[in-house]
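Those protein sequence lines, which keep their order, are chains X and P. Quick note on the numbering used here: the first sequence kicks off at 1 and runs consecutively. Quick note on the numbering used here: the second sequence kicks off at 1 and runs consecutively.
These are calculated hints, taken from the structure and not from any lab test. A portion of the hints provided could be inaccurate.
With a straight-line cut-off of 20 Å between C-alpha atoms, the simulated EDC-like cross-links for lysine to aspartate or glutamate are [as the list claims (entries may be wrong)]:
hint: 1; chain 1: P; residue 1: Lys16; chain 2: X; residue 2: Asp232
hint: 2; chain 1: X; residue 1: Lys154; chain 2: P; residue 2: Glu76
hint: 3; chain 1: P; residue 1: Lys110; chain 2: X; residue 2: Asp232
hint: 4; chain 1: P; residue 1: Lys212; chain 2: P; residue 2: Asp24
hint: 5; chain 1: P; residue 1: Lys212; chain 2: P; residue 2: Asp21
hint: 6; chain 1: P; residue 1: Lys55; chain 2: P; residue 2: Asp163
hint: 7; chain 1: X; residue 1: Lys154; chain 2: P; residue 2: Asp87
hint: 8; chain 1: X; residue 1: Lys154; chain 2: P; residue 2: Asp163
hint: 9; chain 1: P; residue 1: Lys55; chain 2: P; residue 2: Glu31
hint: 10; chain 1: P; residue 1: Lys158; chain 2: P; residue 2: Glu175
hint: 11; chain 1: P; residue 1: Lys55; chain 2: X; residue 2: Glu213
hint: 12; chain 1: P; residue 1: Lys55; chain 2: X; residue 2: Glu210
hint: 13; chain 1: X; residue 1: Lys178; chain 2: P; residue 2: Glu71
hint: 14; chain 1: X; residue 1: Lys174; chain 2: P; residue 2: Asp87
hint: 15; chain 1: P; residue 1: Lys158; chain 2: P; residue 2: Glu209
hint: 16; chain 1: X; residue 1: Lys220; chain 2: P; residue 2: Asp24
hint: 17; chain 1: X; residue 1: Lys220; chain 2: P; residue 2: Asp21
hint: 18; chain 1: X; residue 1: Lys174; chain 2: P; residue 2: Asp73
hint: 19; chain 1: X; residue 1: Lys220; chain 2: P; residue 2: Asp73
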Amino acid sequence: MPQFLEHSMTSWHGQQLLHQHSLVDQFDPRARILAMTLFALATVFSHNLLIPAIALCLSIGVALRANLDMQRTLRRVLAMDVFIVLMIVMLPLTTPGDALFHVFGFAASQQGFVQAMMIALKTNAVVLMLLALLGTLEATTLGHALARLRVPEKLVHLMLFTVRYLEVIGREYKRMRKAMKARAFQPRANWHTWRSIGYLVGMLLIRSLERSERTYAAMKCRGFNGRLYLLDRAVWRRCDNLLLLAAVGFVLLALWVSVGVSVNDVSMNE
Amino acid sequence: MSELIRVEQLSYHYPKRRVLDAVDFSLHAAERVSLEGGNGAGKTTFFNLLVGLNKPKSGRIFAFGRERREEADFHEVRAQAGFLFQDPDDQLFCPTVLEDVAFGPLNLGKSQAEAEQLACTTLAHLGMAGFEERVTYQLSGGEKRMITLAAVLAMQPKVLLLDEPSNALDDQARERLISTLQQLPQAMIIISHDATFLSQLSTRRTRLEGGKIGALS
């Protein structure tokens with residue numbers, strides 16, 4: 001991946017989008033998750049260009065109101081768009097339909113072009129909204145909110161443990177990597193490099209395993225008996241109802257538009 | 001003086017290394033005993049044996065008035081002998097400070113309100129009030145150390161087993177830890193290489209060497 005698209009893969013703190021306190025922060029995390037889910041489903045399941053276009057405008061609006069760090073947000077959206085661009089190029093050429101123009105003898109179809117546009121709009125809208133509504137949450141807050149939404153506790157704890165120890169293991173990796181550099185190690189395409197990287201990964205696995213054993217021992221010392229506890233005090237307020245209502249409104253709009261479109265299709269066919 | 005922990009003829013060895021060879025040791029109320037010794041001498045292993053994380057190859061362990069043999073015997077020992085691990089990251093696994101400190105009391109059957117109350121008073125007692133909602137992995141080294149101490153103290157133990165508590169602390173955090181520990185009523189065994197740290201705390205000094213624990217003058 002090019003340098004400018006790279007960001008910390010091991011620290012959630014690095015994942016969290018830096019932003020100033022904003023309108024988005026006053027909503028309860030649960031409301032944000034629910035609204036996000038509704039928004040994403042409505043956008044992804046729509047069959048016309050109108051709803052994804054509206055969705056993208058909405059997410060840009062929310063992202064602006066959320067005071068997201070523009071540079072970092074764009075970097076993340078771009079990282080995803082690299083894959084999307086490939087699809088946009090391929091789809092018109094591979095979808096059968098009315099030819100718009102020809103490339104090296106291959107017909108680029110209008111239907112394929114519409115498909116590609118749709119995918120681009122949908123993915124960008126959903127990802128941008130995701131970064132604005134959920135990317136601004138602390139990982140632990142997200143975990144708590146998921147637990148309160150009755151997501152199985154084991155899954156939530158799996159996520160929280162991952163976030164907790166990703167940072168520690170990431171630090172361990174960086175420390176070992178630095179120690180390698182300090183002894184003049186430079187990755188090259190040779191046997192020595194592959195073997196050293198192998199040692200690094202192996203050592204990281206062993207250390208993580210040992211750490212997990214120590215953590216389990218520490219938990220036993222404090223009387224762990226298979227139950228984990230989450231304590232939080234998020235409060236559902238009126239503005240959370242409003243956020244949810246807005247999301248439901250968007251779903252209804254999407255349904256109404258898609259019903260309208262299919263009725264039009266039927267009448268045109270007649 | 002009442003005896004809290006006593007071991008008799010305790011032995012332990014790893015596949016290729018003998019670490020404890022027929023050790024006798026006892027800890028009495030209000031004592032702060034240092035346990036010194038070289039790297040790999042088996043000091044942490046000794047702690048693990050005391051709380052039943054490792055099983056002794058031979059010998060007997062008496063703790064809080066009873067002999068302890070089986071895993072079930074040690075559940076009570078772990079509640080009463082608070083073990084502070086060498087690396088705070090091994091101990092702090094909950095997302096927030098409050099949850100981590102309340103984890104022990106909740107396991108001991110306290111209600112959620114009681115456990116939170118206990119956690120908050122323990123934190124306040126250690127001068128860490130206001131850290132309740134902080135995320136554990138974003139704390140500094142000194143803060144992590146104090147939070148792990150709070151997590152152990154919240155279980156209201158009679159004995160503290162401290163494994164290199166002053167490790168990797170700066171002077172300020174170290175001073176703070178010393179003054180905190182000096183005020184605690186619990187009996188302690190302290191593993192440390194830090195001579196000045198030990199001289200300010202310990203009431204009796206011992207050394208683990210060649211598989212034996214002996215008194216240090």
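Evaluated hints:
Of the pairs offered as hints, the one joining Lys16/P and Asp232/X is violated, with about 48 Å between alpha carbons and a cut-off of 20 Å exceeded. Between Lys154/X and Glu76/P the alpha-carbon distance is near 27 Å, which puts this suggested pair outside the 20 Å criterion. Distance restraint check for Lys110/P and Asp232/X: the Cα-Cα separation of roughly 17 Å lies within the 20 Å cut-off, and the hinted pair is therefore satisfied. Distance check on the hinted pair: Lys212/P and Asp24/P sit about 8 Å apart at the alpha-carbon level, within 20 Å; holds.
The straight-line distance between the Cα atoms of Lys212/P and Asp21/P is roughly 6 Å, inside the 20 Å bound, and the hint therefore holds. Our distance criterion of 20 Å between C-alpha atoms is met by Lys55/P and Asp163/P, whose separation comes to about 19 Å. Between Lys154/X and Asp87/P the CA atoms are separated by roughly 26 Å; this puts the pair beyond 20 Å, and the hint is violated. Note on Lys154/X and Asp163/P: the hinted pairing is violated, with a Cα-Cα distance of about 31 Å set against a maximum of 20 Å.
At most 20 Å may separate the alpha-carbon atoms for a hinted pair to count; Lys55/P and Glu31/P exceed this at roughly 26 Å. The suggested pairing of Lys158/P with Glu175/P is violated, with an alpha-carbon distance near 23 Å, which exceeds 20 Å. This hinted pair checks out: Lys55/P and Glu213/X have alpha carbons roughly 16 Å apart, not beyond 20 Å. About 18 Å separates the Cα atoms of Lys55/P and Glu210/X, which keeps this hinted pair within 20 Å; it holds.
Distance check on the hinted pair: Lys178/X and Glu71/P sit about 42 Å apart at the alpha-carbon level, beyond 20 Å; violated. Distance hint between Lys174/X and Asp87/P is fulfilled; the C-alpha atoms sit about 18 Å from each other, no more than 20 Å. Annotation: proposed proximity of Lys158/P to Glu209/P is violated, straight-line Cα distance about 27 Å (limit 20 Å). Straight-line distance between C-alpha atoms of Lys220/X and Asp24/P comes to about 26 Å, which puts the hinted pair past the 20 Å bound.
Between Lys220/X and Asp21/P, the direct Cα distance comes to roughly 26 Å. Violation of the 20 Å bound is thereby established for this hinted pair. Under the criterion of a C-alpha separation no larger than 20 Å, the hint pairing Lys174/X with Asp73/P is inconsistent with the structure, at around 42 Å. Note on Lys220/X and Asp73/P: the hinted pairing holds, with a Cα-Cα distance of about 13 Å set against a maximum of 20 Å.
Against the hints set out earlier in the document, violations occur for numbers 1, 2, 7, 8, 9, 10, 13, 15, 16, 17 and 18.
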